[in-house]
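Each chain is listed here by its residues.
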Amino acid sequence: MTTQEQMSNAPDSAGSPAVTEHENLEGYNPRLDSLPMVRDVVEKAFSYRGDVTIVNRKGDAVEGYIFDRQAESSDTAQWILRMIIKDSTDRVTIRYEDIVTIHFTGKDPAAGKSFQTWLKKYQEKKAAGEKNIRIDPEPL
Amino acid sequence: MTAGRAARVVFQCAAIFLHSWPIKMRAGKELMGVPISQMWTVATYVLSQRLKGRKRYPLVLMLEPLFRCNLACAGCGKIQYPAHILKSQLTPEQCFDAVEQCGAPMVSIPGGEPLLHPQIKEIVEGLIARKKYIYLCTNALLLKQKIDLFKPSKYLTFSVHLDGQKEHHDFSVCREGGYEIAVEGIKEAVKRGFRVTTNTTLFDGADPASVRGFFDEMMQLGVEGMMLSPGYSYDKAPDQQHFLGRAKTRRLFSTILSNRDKKWRFNQSPLFLEFLMGKRSYACTPWGMPTYNVFGWQKPCYLLQDGYADTFSELLETTSWDHYGAESGNPRCANCMVHSGYEASAVNDTFGSLRGLLATARATLFGGSYVNREALEALQQPVENTRHHFIPLSVSAGKTTSAENQETRSASRANDAIKV
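Quick note, the sequences are listed as chains F and E, same order.
Here this note's numbering is used: the first residue of the first sequence is 1, the next is one more, and so on.
Here this note's numbering is used: the first residue of the second sequence is 1, the next is one more, and so on.
Hints were generated in silico from the structure; no laboratory data involved.
Keep in mind that the hints are not guaranteed to be accurate.
Said to hold, decoys possible - Pairs of lysine-lysine, DSSO-like flavour, derived with a Cα cap of 30 Å: (1) F/K126 <-> E/K78; (2) E/K144 <-> F/K125; (3) F/K126 <-> E/K144; (4) F/K121 <-> E/K78; (5) E/K121 <-> E/K131; (6) E/K191 <-> E/K262.
Claimed, not checked - Pulled from the structure, derived: some chain E residues nowhere near chain F, Cβ distances all over 12 Å: (7) Q38; (8) R56; (9) E100; (10) P105; (11) E125; (12) P152; (13) K154; (14) A283; (15) A363.
Unchecked claim - To be clear about the criterion: a stretch of chain E counts as covered by chain F if any three or more of its residues have a C-beta under 8 Å from a C-beta of chain F, and this derived list gives those stretches: (16) 60–74; (17) 85–97; (18) 173–186.
Small disclaimer: the values here were computed from a predicted structure and weren't measured.
Glycine included, C-beta positions come from ideal geometry on N, C-alpha and C.
Using the sequences plus the hints, can you model the full thing?
Right under this line is the structure:
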């Protein structure tokens with residue numbers, strides 16, 4: 001598949017879902033030279049857990065979180081994405097054909113926070129004699 | 001017999017069935033974790049929807065007023081957003097509008113942590129005024145501190161997130177001491193006369209004997225009932241290693257829920273629990289528990305994010321429902337057995353046919369302990385996958401704790417053998 005996740009959740013022989021591997025997309029800034037390429041990158045951006053910056057044909061840039069995309073119509077002029085602009089409640093709708101670049105400018109908020117990371121952190125802190133060990137959410 | 005007449009027959013049976021419960025209750029036998037009035041509301045709602053011929057109708061609105069949380073659980077796929085999204089929240093008016101659009105008789109308020117919402121009091125009061133049965137899903141870290149904001153009501157339940165016994169829970173939520181704070185919150189809420197349930201998510205490596213010990217602990221705390229669900233493999237969750245496949249889910253829940261202690265009460269459809277145990281098959285009902293949050297109406301369900309609709313009608317009309325559910329072949333649904341997709345299926349089964357109603361009655365009144373020798377033997381076995389239960393913490397915590405835990409688990413297993 002062409003999205004961020006090289007994913008297959010079909011059950012394996014042991015009855016466990018296969019693992020979703022997240023690409024490291026932070027800073028990704030691909031060259032977009034066709035509408036199918038735009039569609040592929042929008043899919044990655046839609047699955048991405050951080051903000052992206054989009055530049056349109058007029059040269060205007062907008063940074064925010066993509067929460068919706070619609071690219072099922074046979075009429076490619078209908079393909080759109082919806083974004084909540086960073087530090088605002090405003091929403092914008094952007095047509096795929098107006099997109100020149102999509103830059104993954106925001107931080108991936110989930111990267112590196114697996115149970116393995118937590119366990120490693122726990123063991124280190126325990127060895128150092130700390131109590132009430134925990135992972136706190138990052139300050140907003 | 002027409003569909004309408006069949007539905008009326010079922011309705012009458014349901015009425016007789018439901019009205020028989022208070023007698024049992026007066027006799028001192030607590031048979032279920034859901035009050036009669038709530039059961040009655042749900043039953044009449046479901047049957048009225050069927051009488052109206054509605055193919056798709058919601059049962060529980062999953063109202064996420066914010067994504068912000070005071071925990072950072074590795075298995076959670078709900079809070080992985082940029083700061084500006086985490087800071088945003090629904091207004092009470094947006095919440096009420098969503099409730100009116102949806103029309104479901106029950107509203108679950110997950111998140112994020114709803115007690116972090118500065119207007120949670122107004123939201124809850126507004127929903128109670130609309131006679132919605134609310135499940136306020138909380139990790140309870142702030143419950144004791146904020147409990148004065150609320151008044152006990154049959155419409156309000158604190159559904160406290162606890163993923164098992166102390167060390168299981170603390171490991172699961174990545175916070176030492178989280179269990180004790182939550183238990184203090186539960187005790188305070190129970191003492192003040194609030195309805196309190198627990199909700200528990202189980203991952204690969206869960207220790208069935210410990211989960212059963214956890215049920216005993218929760219019953220001793222006086223909670224009304226318990227809710228269970230297998231974890232879902234959220235695409236956005238930081239941890240992708242510990243989600244259960246369907247075969248493992250059935251094995252795990254069969255081991256946990258067979259040979260059941262009569263004292264345990266579950267705030268869930270008994271048929272859904274049988275589904276988790278592998279005794280029933282259901283198709284997914286993704287519209288049964290629709291989700292509304294700061295982005296809008298989530299397509300198609302609480303777990304998957306394939307985009308958003310601006311209205312509930314648009315959600316129903318524009319979602320390609322055939323593309324979802326294990327039966328659709330969608331790989332993202334292949335391993336899902338989560339309540340948000342399948343409990344509505346079980347409830348529809350209960351109130352959609354005489355057979356379903358009788359199965360529910362049998363499970364509730366006579367189902368009892370689900371005696372299963374294989375499950376009992378499985379309880380005595382060591383847990384195969386220890387990646388998610390408390391052994392990793394115990395090992396790092398030192399030999400004493402590890403030994404104590406092993407003793408506790410052995411005792412719990414021995415106790416299970418005695419009970420059966």
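Problem - Which numbered hints fail - result: No numbers; nothing is violated.
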